[in-house]
Structure formats: C-alpha cells, structure tokens
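Please construct the entire structure, taking both the sequences and the accompanying hints into account.
Sequences listed follow chains A and B, in order. In case it helps, our numbering puts the first sequence at residues 1 to 191. In case it helps, our numbering puts the second sequence at residues 1 to 157.
Hints are computed from structural coordinates only; laboratory data are not their basis. This list has only true hints and no planted wrong ones.
Simulated crosslink set (DSSO-like; lysine-lysine; CA at most 30 Å straight-line):
#1 Lys131(A) to Lys106(B)
#2 Lys131(A) to Lys85(B)
#3 Lys158(A) to Lys54(B)
#4 Lys186(A) to Lys131(A)
#5 Lys128(A) to Lys89(B)
#6 Lys169(A) to Lys85(B)
#7 Lys85(B) to Lys186(A)
#8 Lys128(A) to Lys97(B)
#9 Lys86(A) to Lys131(A)
#10 Lys186(A) to Lys118(B)
Between beta-carbon pairs, the in silico distance windows are:
#11 Ala99(B) to Phe31(A): 57 to 63 Å
#12 Asp139(B) to Gly187(A): 35 to 41 Å
#13 Ile63(B) to Trp87(A): 49 to 55 Å
#14 Ala64(B) to Ile178(A): 30 to 36 Å
#15 Val73(B) to Ala163(A): 25 to 31 Å
#16 Cys174(A) to Ile63(B): 22 to 28 Å
#17 Gly167(A) to Lys106(B): 27 to 33 Å
#18 Gly187(A) to Glu49(B): 46 to 52 Å
#19 Arg75(A) to Lys54(B): 22 to 28 Å
Glycine included, C-beta positions come from ideal geometry on N, C-alpha and C.
Chain by chain, the residues:
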Amino acid sequence: MLKNMWTFLKSPSSAAMWFILAIGFAGGIIFWGGFNTALEVTNTEEFCIGCHEMQDNVYEEYRETIHYANRSGVRATCPDCHVPKKWTDKIVRKIAASKEVWGKLTGLIDTREEFVDHRRSMAEREWKRMKDNDSLECRNCHNFEYMDFSEQGNRSVKMHSDALASGEKTCIDCHKGIAHELPDMKGVENW
Amino acid sequence: MKLLSLLVIVVTTLSINPIVKAEETAVTNVNPGGLATIRGAAPLEETREAERLKRVIKDKNPIARNYVHQPPVVPHQTRGYRVDKNSNKCLSCHSWKHAAETGATKISLTHFETRDGKTLSDVSPRRYFCSQCHVTQADAAPLVENTFEPVESLGNE
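Right under this line is the structure:
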C-alpha cells in the first residue's frame, strides 16, 4: 500500500506534471503582476496624499513651487523625487518606507505642530539619502550632460560649471527646500 | 397710524431716489483730471481687468544705484526664495560667509547694526528681511513720467 503510493508519487503522469507546471506559471504571473501593480499604486501622488499628514503639510507647500506649476507644464509628483526609478533601489526604498507606515499607525504626526517639530529630522534624512545616491532622483530629469550653459543665468553657470561639474557637490547640496519649506537651518552646511 | 407709515414710505422713497440718480450721473461724468490711482478710475462696484504680470529679469549683473544710501535692487529672479525665522535664502549667497564662494555682493556691514548703533556679530533682526528694501526688478515701464537724474558719483551714465 505504502509502496504503491510511493511509486505513484515518484512517477506522476506527464499530463499531471504539465498541469502543475502550468498552474505554477500562471500563478507566478498573477502574483508577480499583482505585486507590481500594488507597488505602482503606492507610487502615485493620490496614494501619498491619501494621508492627512502629507496632504496638509508637505503637499500644500509643494503646490506653491516650480515643480508643481511651471511654464512648460511638466510636473514632478511625489514619487518622482522621493522614490528611485530603478527596481532594486525602489524596493529598498519601499521597505525603508514601512517605517512611515508605523509612524502613521502610531500617530507620530497628527498635527501641524508635531509635523514642524519633526521637520528637521525628516529633512535631514532626505538630504542624506540624496547626498548618498548623488541626487539620483533629481538626475532622472535634470541631466548634467544635457545642460545648456548658454541658456542658464550667470549664477547657475558659475555654480554648475564649477562645483557640480567637478563632482565636488551634488544637486541637494545647494537646492534644499525647493519643493517644501525648510526647517530651522541653524548649523546646516552652506546656510 | 396707517397714515403716518404711508407718509414715512413716501418721504423715504422721495429722498432716496434723487441720491441714487445723482450717484449714477457722478459715475458716468467723472472727470479724474488726468489723475488715476493704481486701481484706475473704475467705479467702486466694477472690477477692472488685472494688469498683465511683468517679466522678472532672469539674471543680470548688479544694477548701479541712483542715489546715496539707495538699497541696491535685485537683478535676478527670487521666486521661492524664503526669508523666515528658519532660513534666509538670500543670505545663503550674500552673507559674508558665502559671498566669496558664490561671487555675490556682500551685504553691507550696516546690516549688523541695531537701531541703537550697536554692532552685532551677525545680521541685525531689523535688517533681516531683505525684500523689505531690496526689490526684484521686472521689465516694467515707469507708471508716470519721471525726471529724476541719478547722482553722477555712483557710476550712472
């Protein structure tokens, strides 16, 4: 009896094997597709400002800046600056962002006052992230190679051809607070 | 009693009507004598079409001053430059600490003085809000004719 069972398991009919493989394949597609779709949903502005912490604070501030409204009608939304485009980097960022979910659940930032209290530490975290990845998200759109210095203002040409070209500085070193208000900048380098 | 209220109504309608008529004629026959406010000579209840926005100069070299102690005007865009208790975007280039590196004009040492003439070690709070005196220049023609001649000593032609 046991032996019969064993031989049955050891030599499944080829049809059953293909059936199982097909199920596994289809299941894989559905799971992977579903996972990526869900990931992309969390990568939209609507998702980001679904929480009042984002909607009332950072989003309201961003709406006054050039990345929201400008002459050419190109807009950079939340994930364009805060989530890397490359898949592996994106996953790393998404896992790190689970801390933000914890913050939401525990009500870390329920009021404007709590937000302002935390602004410096949150800003520092984001500055450090962009400093470490050489302002990767900025460079998704703003490519140094594509810059036309003849179209830039005097001040931009000086800074970009000097500090940025040599790699001594990266975008975020100078362009802080371009999309949100700044925290108390006491002790921050270059401020 | 009835008669009295009727009388009141008659008197009020008589007294209001002429005033309304007089106002209407005053509005149509208004003679500003060549004078106009920035709002223009529009009647109170009308909203004039807004002026077109002026183009701010993108980035130019410093503009010469016209008179002694004139706060130099700002020859570049300042959109989004915040000056508040947390940060001062102007000083991130124009402060003494950063001016050499950025090539910006240093702020004058008079900005370190309090109103009592005491010199502080950093910008005095009363001189902290740059745009109170230093104005970003736009491509705008003067609203009225002006015959002011800049002083020669400050380098104007």
